[in-house]
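Student: Protein sequences appear in the order of chains A and B. Read in order, the letters of the first sequence are residues 1 to 229 in full-length UniProt numbering. Read in order, the letters of the second sequence are residues 1 to 395 in full-length UniProt numbering.
Heads up, some of the hints might be wrong.
In the DSS-like style, the derived pairs of lysine-lysine whose C-alpha atoms are separated by at most 27 Å in a straight line are [claimed, not checked]: (1) A/K98 <-> A/K6; (2) A/K80 <-> B/K141; (3) B/K302 <-> A/K98; (4) A/K80 <-> B/K2; (5) A/K78 <-> A/K98; (6) A/K121 <-> A/K91; (7) B/K382 <-> A/K134; (8) A/K126 <-> B/K382; (9) A/K78 <-> B/K382; (10) B/K302 <-> A/K126; (11) A/K121 <-> B/K314; (12) B/K298 <-> A/K121; (13) B/K2 <-> B/K348; (14) A/K98 <-> A/K216; (15) A/K182 <-> A/K192.
Keep in mind the hints are simulated off the structure, nothing from the lab.
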Amino acid sequence: MIENAKCIIDARNIVKIYQNGSEKLKVLDDVSMQILEGDFIVILGPSGSGKSTLMNLLGCLDLPTSGQYYLDGLDVLKAKDNQLAEIRNQKIGFVFQKFNLLPRLTAIQNVMLPLLYRGAKEEEAKESAKEKLKLLGLGERLNHRPNELSGGQQQRVAIARAIVGNPHLVLADEPTGNLDSKSSKDAMEIFKELNRQGNTIVIITHDIEVAEQVKKVIYIRDGRIYDKN
Amino acid sequence: MKIKQLLKLVLINIYQNKVRTFLTTLGVIVGTATIFLVVAIGAGGEAQVNEQYSKLNVGTIIVMPAQRGKVVDPLTEKDAELFMASDNIAHAFPILQGSGDINYNNFSFNSSFIAIPPEYQENNNLTVQQGRALDDEDEKKKHKYAVLGAELANTLTDGNPSEIVGSNISINRRKFEVIGIFNRVGDTGSHSSYDDSAFIAYSVGEKYLLGTRANPIITVQATGLETVQSAINDITNTLNETHRMGGAEQFRILDAGSRLAAAQESARTMSLLLLAVAVVVLIVSGIGIMNVMFVTVKERTKEIGTLKAIGAKKREILSQFLLEAVIISLVGGLLGVILGFFAIPLLKYFELPALPSISGILLGLIFSVITGVFFGFYPAWKAAELNPIDALRYE
């Protein structure tokens, strides 16, 4: 099945250089990777390895200095600002280490946002958001604000927000970094379950325990990708 | 994002910062209230001027000595007759003005009296509400009759003017019989006020009240508005011939039209001045809004990053923050208009005429919105231009 799967991420020879005054800093050096539909991949690396930069590039938050990047067949480097926003909105679901929920919005309003930015009707957005929150066991917390929720619950709201628009790719940056071990475990179970349901998931972390739970791990160090399996 | 959703998002943000929003709006409240009141005062002032001058015939020209007090070479009835020779002049009447104690039933009131040729009355919209007006007989036979202005009659009788007709009053201790009361004419712009004056025949004033101190002014009626200037020229020429000693120089020639224009002009200048103050207040409040919006954008940098990550376009971020600034200023504007409505009775208390108007409300609101758009734009643009990664990383 994997052999025939669609290639979601096709990155080739990605180089990212940051210009710091006159000093050039090569953060990513000739990185290439393919991620197929239905994959569950952990990108593992210590801090300063360039994994955050890689995540920003994969998430279309930033563009590489050189190289090629096709997301779901779309040439990201040729996209304009507005198109990048559309790609992020429709093809990618982000999960952040610090959840990044909007503090003044309720759980359901937070989850509705990506659909609203897509131009969906409020009622439809509300229905989908409610469905996803229920799926993640937050059916009773729809109208709570983030500060009324535990860390684990907040991360589940964030995950609901990431998957509400049925993206091609869920991109999670240290999703367990701010959670206690029980909530971490729960979050990983959720990702595994989402993957079983067909979602493509990429987790970026420095936590080996997270990496140990998946089959495919990509190691990154000093801006280079090592040992793929 | 649909505008309705965006608005909802903005309102949630504003609502949860009520105190800050209110403090930000204070300047806008004051500014909008000022604009609203400026327009109200302007309209009130203009209405007052127009009301005052509504009875005024703009073709009226007044010739008077340039200096007060004793005049060496006074105007005479003869001058008035000579003025009539001009084709540009319809009427010219000498009148005598004085002031003194007017006494009725032991109640004394200091007011003015005016001695007029009887024809003067019909040419100046002076009509009687009770009794009769002065007539040629009174002038010829020097009857000591007086016709009172409506306000004077009211004052003397303590609000019961009809009783005074047929009674005697004294003007500077000389007895006169009241034969009538004029209708109210309002301020004519040419005299202190007809309504507050007592009128007597010209010959009577000359003989009994002013004697040799008689120093008439001449009111001239031009044939039309367009002949006022030619009439003034004719008057000047006549005066130069008849008063060779000092010529026309020693007299002042005023035309009512230019006085009306001057009064309207000064009302307008006052409005403009107040408007300038309001604009300054709004600019200052706008800078306040800009300041707060910058702080808001800074505060929400991470949120902006998140919004960008989940697909908000630049335009949507810009609209969100711009809308927030505009709503804050619009709320200020609405409160300002309400404040303005409360301030109007206060102005009336200080006898400043103020007329609230739709145009005042609209102008105030439009200016408040413009303030919001203008000063909210830069912070909103800054927010929209934020790099998503930097914004996400911001702590």
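Student: Okay, which hints does this one fail, numbers in order?
Tutor: 1, 2, 5, 7, 8, 12 and 13
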